[in-house]
Amino acid sequence: MEGEQTLPVLPWLKRLFTVDDNVLSDQFTLQPPEDSQNGGSSSGSSPVSDTGSTQPENSGEGTSGQDVDAASDAEAGQPEAPQSGEPDFYTSPDDSTGAPTGAPADPVLRAQSHSRKPIPMKELVLQAEQRREGNGDASAPESFAEHPGSHGGTNKEAIPKQIEHVKEKLQKTFHMPMNKDVVIREFTIGMPGQWKAIAVFVDGLCDKNVTNLHVLQPLMLLAHIGEDKEGVQNRFDTVHDTLLPGNQIDKKDKWSDMTSGILTGSTAVFIDGVNRGLIIDTKGWEHRTVGLAQTEPVVRGAHDSFTENLRANTGLVRSRLRSEHLVTEMIPLGKLGQTDIAVMHIEGLTNKSLVAEVKRRLTAIDVDFIPDSGLVEQFIEDSPTTWVPQLMSTERPDRVAHMLTEGHVAIFVGHNPFVLTVPVVFWSLMQTPEDAYIKFPFGTFLRLLRWLALVTAVLMPAFYIAVTNYHPEMIPTDLLLAIAGSREKVPFPAIVEILLMEFSIELIREAGIRIPSVIGPTIGLVGALIIGQAAVQAGVVSPLLVIVIAVTALASFTVPNYNLSFTVRVSRFLFLVVAVMFGFYGMALLLTVIGVKLSVHKSFGVPFLSPVVPSSDSSPDVFVRGPSYRMNQRPAYLLTQQSWRQQPVTRPWSKGTQQGMDAKKNKASKRGQK
Amino acid sequence: MSQEEAKSKVGAKELVAMLTLFTSVNVFLNYPQIVARSAMEAAWMEPIGSGILTIVLFLVVEWLLSKYFPGLDIVEVAKETFGSFAATLVAIIFGVYFVSMTASIMRQFMENVMTSVLPGTPISVIGLLFIVSIGYIAYHGLEGIARTAYFVLPILIIGILGICLLTMNWWEPSELFPFWGTGVSQIALGSLRYSSIFANVLLLTIIYPSAHDPKALRKVGVTSIALSALLLSGFCAAYGMVFPAVEAGNVLFPLYQLARMVYLGHFVQNLESVLIFMWVTAAVIKMAITLWAAAYLFNGGFRWPTFRPAIPVLGVSCFALSLVPSNVLEAEKWQEIYLLSWGWIIVFGLPLAIVVMGSILKTRKRGKLRHA
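Each protein sequence line maps, in turn, to chains A and B. Under the numbering used here, the first residue of the first sequence carries the number 6, and numbering increases by one thereafter. Under the numbering used here, the first residue of the second sequence carries the number 2, and numbering increases by one thereafter.
Chain A extracted, bound-state conformation (with noise of 0.2 Å):
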């Protein structure tokens, strides 16, 4: 009750005395696809008919090992809106304790609960005040939506019709003459002029040329107007049909949509007399050219990589996946400054209920302004508190292409280089597109030296730490007396040593992403000098820890992701403090924890270990790199509409898929004569 206080219990002390069924309740499983056979797609056309041996299978029946969770979430993603009236609690008239029962206020929580779980007074008191204070002040914060004056105002603002009044409008809405960046460019349509009419526009955001020559010029110069005798609505419709040559003009009801427009780098026209408004893309400010991937360069492969144009960015995936199922449905987010959500994925492909809550969770995202994909990733994720990057972030085109057809979900980021492919599972995250391109023998050494090197950035610190304090008996006579002598000198513990190396590392690693190129060589051999010689010289490291640093450091490198880089960095602090304290007894004992974590996480709906814990289907392509010619199917644990995707049989001129067969026709005749 009110006044009353109660002692102040960690959340997850709490969470692990509560009797709730649903402690550890899933907030998304992927479901198999409604309708998997030919033609899922609402098209009635399907995305992979040219391979001509789609063999779509019931993804639920054939992977016998894949958990499912059979009763939870069985819903597509969306959430039941609560009812209009229903109250948010109940009592049960049996009730004699009058506890009364509950279903979560979260309305989205609400659609996944299936249970009515008893809630305290104390809570039933403080939802009580919410909504009377709900129905008075504004309890929620305030949305640049519902302000006064804020850009485009409401939805159902309409344009006004006199051109004067426009003008003042759009004064009022972009805060002139105050802001600079906003042009009005006031004329007359037709020679003679007959029509007024303004051109509004960002400068900076938008290509004059284009402005001036295809807007103006045909407006101004070019167009012969006759007498107005249609009537005011003509100009409109004579304006968009015959006078503007520019291929992408949409014609707009609302102020806001108007507004809009202009803030993407569009030009805006207003007609006097007419109330709606003509937006020409004319989209052109200054951004970065297509350039190298600067986190995942490649040898063998594609060197081009996104930039900060949405549509640059989405055209390089096109440009490579040439499909007419490919769809990009666009998601605006932010109330004081939009960023456009490119949502792609494959119609009749893709997983619907995947697609359905991706969008889903990315329109609960309200928020100002979103910068950059990286905060998308933090509001969509399943675990903000889990360390293991739960999406994909790729600036490679080809990676996204071919991930999409795949059944991934990609996810543009307004003028972000960074894309968001979801889901993701561990393995993805150590896999490289160059793997893939080379002969699968190598591209599976490079798979097998890049785990071991994953092994090596996490365990190696540690394992010398315990090896050193805890089983010195591991290491051979002569190698060990070697180590001792040259830790004779160093006055500090073998920790110290290891954690005064691995700050030094992180500071180089650091200044190295901010060092001007002119001095950075200069500065990495100084620092590789001072740090390394010289410490060991002076007899603060001894020689061996330092080979142990750096080759931990070049391991850590090769780790491809670079959200995956962070886990790792952090995780080998840990396992560092757990090996000092415990040795190979400590460490066994966080790995195993890791592990287990791991393996009941989700990421999308799709548990972050599969496919090989819950075992499924796969093709050779998780821990190795197997021949591009038996990757048949696409991974089972994406529960795709089409399962298939290239031929069972693929150089059948090839002496080898000959004989191999030959000899199956010859054992299917045996059978066939037994």
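Hints are supplied without guarantee of correctness; some may be wrong.
[Claimed, not checked] Below 25 Å or equal to it, Euclidean Cα-Cα: the simulated PhoX-like pairs (lysine-lysine) are:
| # | chain 1 | residue 1 | chain 2 | residue 2 |
| --- | --- | --- | --- | --- |
| 1 | B | Lys68 | B | Lys216 |
| 2 | A | Lys607 | A | Lys670 |
| 3 | A | Lys288 | A | Lys340 |
| 4 | A | Lys201 | A | Lys127 |
| 5 | A | Lys607 | B | Lys369 |
| 6 | A | Lys602 | B | Lys216 |
Derived by calculation from the structure, the hints in this document are not laboratory data. The structure displayed is predicted, hence computed values, not measured ones.
Starting from the known structure of chain A, arrange chain B on it as the hints suggest.
For chain B alone, kept in the frame of chain A given last:
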């Protein structure tokens, strides 16, 4: 049963891994020592005998469950057959057995860690780390345990086989003769007496509703029992070839001692420390299974809405119970006398009795209905 556990389903491969690991972990404990004392040179036969017996009983129980009690676990079968009170009693018996097993294993592993890794660390600290890890894993339920077991099993198999093969230079095949050791009757008696390590029958009756495909359970059970028996037998054979029969029955930590014998040159020696990763991981998973099973059984018997709040409680109880024996010898003695020698009654006898009696009663009921 709670909604969460009613919904969790585990695939066949994960179940095989879990059940195999559950039994094979005994290779890290004093089981090889016990069977060596029991059968001497024929110690490797006892796991096979126990395995065959377990397979037969498993098939019987599985057949009865699938025919008469589809989708029910042992507590629900007892409830349906004998009523709620009997179901609670059955749950308590099984739960206490699993708690005892957890405590016993925990004590042995704690002593093992103290001896081999952390001689200066208090046993309570080691136990605390154990119980926190076990509790965390058990808290994630059967899915988490089974998936982790699937990961760990290959490492376990490679480790056991590796130890066996790396000591090939110490093998003396003549140590396996006389072939029948202490005699066929003693071997049979030992197989029966120490067959409680194969708790697959009991575990089957508990996890039956959680299997993704109940029809595959037969294959799961037979595969896991056979694999466990082969692993145990293979290790006992290698152990028997390295250490003489009398000496083999006196070694405290057989696998550790066998690992210490590895010497293949200057750099391949003293690998027992590397094995720590393997047996600590395997031990933690085994104890997570037993802790989870205890919580699950108590949950079913007392009709709690969920089992998770019981895990910390039971964990602390197991930890406290593990510290009751004054030393490791007493702990192993208690385990051998009480759990291993008489555990077959609980692991085989009680589930079999419940399921058989339940089937008979159900058959009679059906007969009465037909006549009516």
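For each hint, the structure was consulted:
no.	hint	verdict
1	B:Lys68 to B:Lys216	11 Å, holds
2	A:Lys607 to A:Lys670	43 Å, violated
3	A:Lys288 to A:Lys340	22 Å, holds
4	A:Lys201 to A:Lys127	65 Å, violated
5	A:Lys607 to B:Lys369	51 Å, violated
6	A:Lys602 to B:Lys216	29 Å, violated
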